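S.K.: Chain by chain, the residues run as shown.
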Amino acid sequence: MAAANIVELSSLTHRYADRVALRDLTMDVSAGTILAILGPNGGGKTTLFRILATLLTPTAGTARIAGHDVVTAQGAVRAAIGVVFQYPSLDEKLSVLENMHHQGHLYGLSGAALRTRSRELLQRFGVDARSGDTVEKLSGGLKRRVELAKAMLHRPSVLLLDEPSTGLDPAVKLALFQQLVELKEREGVTTLLTTHLMDEADRCDRIAIVDQGKLVALDSAAALKQVIGGDVLTITTADPHALRPRIEARFGGAITLVDGGLRVERECGAAFVPTLIEAFPGEIESVTVGKPTLDDVFLHLTGHRFEERRGGETDAQPAG
Amino acid sequence: MSRLWLPSVTLWQREVVRFLRQRNRVVGALGTPLVFWVLIGSGLRRSVVSAGSGDPIDYLQYSFPGIIVLILLFTAIFANISIIEDRREGFLQAVLASPASRSAVVLGKVLGSTTLALMQAVVFLALTPLAGMALSWLSVAASVGVLTIVALELSALGFVVAWPMDSTQGFHAVMNLVLMPMWLLSGAFFPAGGASPWIRWIMAANPLTYGMAALRHAMYAGTRAVDPALPSPAVCLTVTIAFSALVFGLAIRAVARKA
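First to last, the sequence lines map onto chains A and B. Sequential numbering of the first sequence, starting at 1091, is according to this note's numbering. Sequential numbering of the second sequence, starting at 49, is according to this note's numbering.
No lab work stands behind these hints, which were simulated from the structure alone. Quick caveat: nothing in here was measured; it's all calculated off a predicted structure. Using N, Cα and C, we set each Cβ at its ideal position, and we do this for glycine too. Be a bit skeptical, because a hint or two may be false.
[To be verified] Some chain A residues close to chain B (C-beta under 10 Å, calculated; not the full set):
1. N1095
2. E1098
3. Q1193
4. G1359
5. F1362
[What the hints assert, rightly or not] Beyond 12 Å from chain A on every Cβ pair, some chain B residues (computed):
6. P55
7. P147
8. S149
9. W231
[Unchecked claim] Over 12 Å on every C-beta distance to chain B, these chain A residues come out as not near it, computed from the model:
10. S1120
11. N1131
12. G1198
13. K1240
14. A1241
15. L1258
16. R1336
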């Protein structure tokens, strides 16, 4: 089993001078997985990304990629990973092909092998027609594709992407994700991507939810949603503070106040709606029933909303 | 070795290519010192410098070698300032995540910056007739040799300053408080002879004074007498080479310490 795990984190901890960014994080990722590291901004994702990319030394614990320790075997880890940063790492003044060639040289590739591989990747990512253009002339989506092509030059077994869809429109986001799936299917590449976007995480094979430096959950999106085991009802009412204890007293279960509405988890949501309305005649303005989203899962697991600071009336206090 | 040389060469090449593609950088790098020289030199033209017992010298001529060293300094500053921006949001991120040796980052940057500085300095050297100076070929060769060492020295120094910094503001502070005074007090702007004793003391302790003096020795060779108060060519070269080696070593150590 251990051999199939391409990424192994054990009690990984990182402290900055004034705060703990990662607390005792342990998880394994098997080869050929697309894993989303999902969490709110400031939750520790980027710290984890930087540790895996060998750019930051963890305070305690270990991280291994393809069997190599990120601290003691940096060279081997660097050769095994392809890294796509949140901010572009392309030289804007150089052409697409020149960027590819410089990258290749950094990885010890040169000559005809490098030229062939560059062409092949630019073709695969649909940017070969622009290979002579300087990067500054490319759109955001095309740049991201070149970044991905560049990261794949040395045939890494693990791709690390930090917030890959930042600044991309939805269609481009989807196309980029499709390319990750293709890489997985054709070359067995494992992808770890950090994201704060629920829809992006939803598409991945597995999701690691990281909040306040801790690993809250690690599973597939479907399995995570089953934690809730039913439907999520959102009730709007004139006085949610007054109604909440009364619903709780009558039907039991935890009810949370989210953005001025009441949120109830029920096994069979649709059947519960008439019961609820009859129990409090005239007091309920509307009820919506929905399948749980990752947002709901996050709230269920952490007790607070994913985006605390979005405003609105919410139970949980912003995490400090 | 492939982790050192190929990455070093590629990083060096990138520095040169991107410089040549940014026309405003080429214009700024050559134009600024030219404007400085023409304005300051012409403004102070009548102020003939006659330090020590050397021949009196026109200020345009006196400041000419100083301006060439200023070109080297400006180039070193501008080439290295990108380290700070590039590390968080740019090209350097990918370099640091690659298996390339960290020393390749130093070599690529320092050699790149040295090449750029030399290209500009040589263009400027071609203007010597405008300053009313005639250089022999031997003198040109010696000057280029000295300029190469000083360019390496200043590039490595710029690297050591820029590497640990998190913001370009910090770099500007060091530039204004350390690097520019280092140039001002190197004998580029005025000779030590007429300065107050404490300034003279600082000038003697300033490593760039020796690079500056080495350049004067090289440029004046065979055509005019050198101010006898300047340190001898042997001392100049020894101090300059030793200091270059020191800052280069510090640069290598700096990259090994901070990712």
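S.K.: With a cut-off of 10 Å, does the beta carbon of F1362 of chain A approach a beta carbon of chain B closely enough for the hint to hold?
M.R.: Violated, because the Cβ-Cβ distance from F1362 of chain A to chain B comes to roughly 50 Å (cut-off 10 Å).
S.K.: Do the numbers back the hint for E1098 of chain A, that is, is its least Cβ distance to chain B under 10 Å?
M.R.: This interface hint is violated because 20 Å lies over the 10 Å limit.
S.K.: Over 12 Å from every CB of chain B: does L1258 of chain A meet that, or does the non-interface label fail?
M.R.: 17 Å, holds
S.K.: Mind checking the CB of Q1193 of chain A against every CB in chain B and telling me if the closest is under 10 Å?
M.R.: 7 Å, holds
S.K.: Verify the interface restraint on G1359 of chain A: the C-beta must sit less than 10 Å from at least one C-beta of chain B.
M.R.: 46 Å, violated
S.K.: Verify that the Cβ of S1120 of chain A lies farther than 12 Å from every Cβ atom of chain B, and report whether the claim holds or is violated.
M.R.: 23 Å, holds
S.K.: Grab the minimum beta-carbon distance between R1336 of chain A and chain B and tell me whether it stays above 12 Å.
M.R.: 52 Å, holds
S.K.: Is the claim that S149 of chain B lies outside the interface with chain A correct, judged by CB distances over 12 Å?
M.R.: Answer for S149 of chain B: violated, closest chain A Cβ roughly 9 Å.
S.K.: Would the non-interface assignment of P147 of chain B survive a Cβ cutoff of 12 Å against chain A?
M.R.: At roughly 4 Å from the nearest Cβ of chain A, P147 of chain B sits no farther out than 12 Å, so the non-interface label is violated.
S.K.: Mind verifying the non-interface call on G1198 of chain A? Its CB should be farther than 12 Å from each CB in chain B.
M.R.: 4 Å, violated
S.K.: So W231 of chain B supposedly isn't at the interface. Is its beta-carbon more than 12 Å from every beta-carbon in chain A?
M.R.: Label holds. Min Cβ-Cβ 28 Å, cutoff 12 Å.
S.K.: Find the nearest Cβ of chain B to the Cβ of K1240 of chain A and say whether that gap is larger than 12 Å.
M.R.: Given a closest Cβ separation of 7 Å, the condition is violated.
Violation of the numbered hints given earlier is confined to hints 1, 2, 4, 5, 6, 7, 8, 12, 13, 14; the remaining hints are satisfied by the structure.
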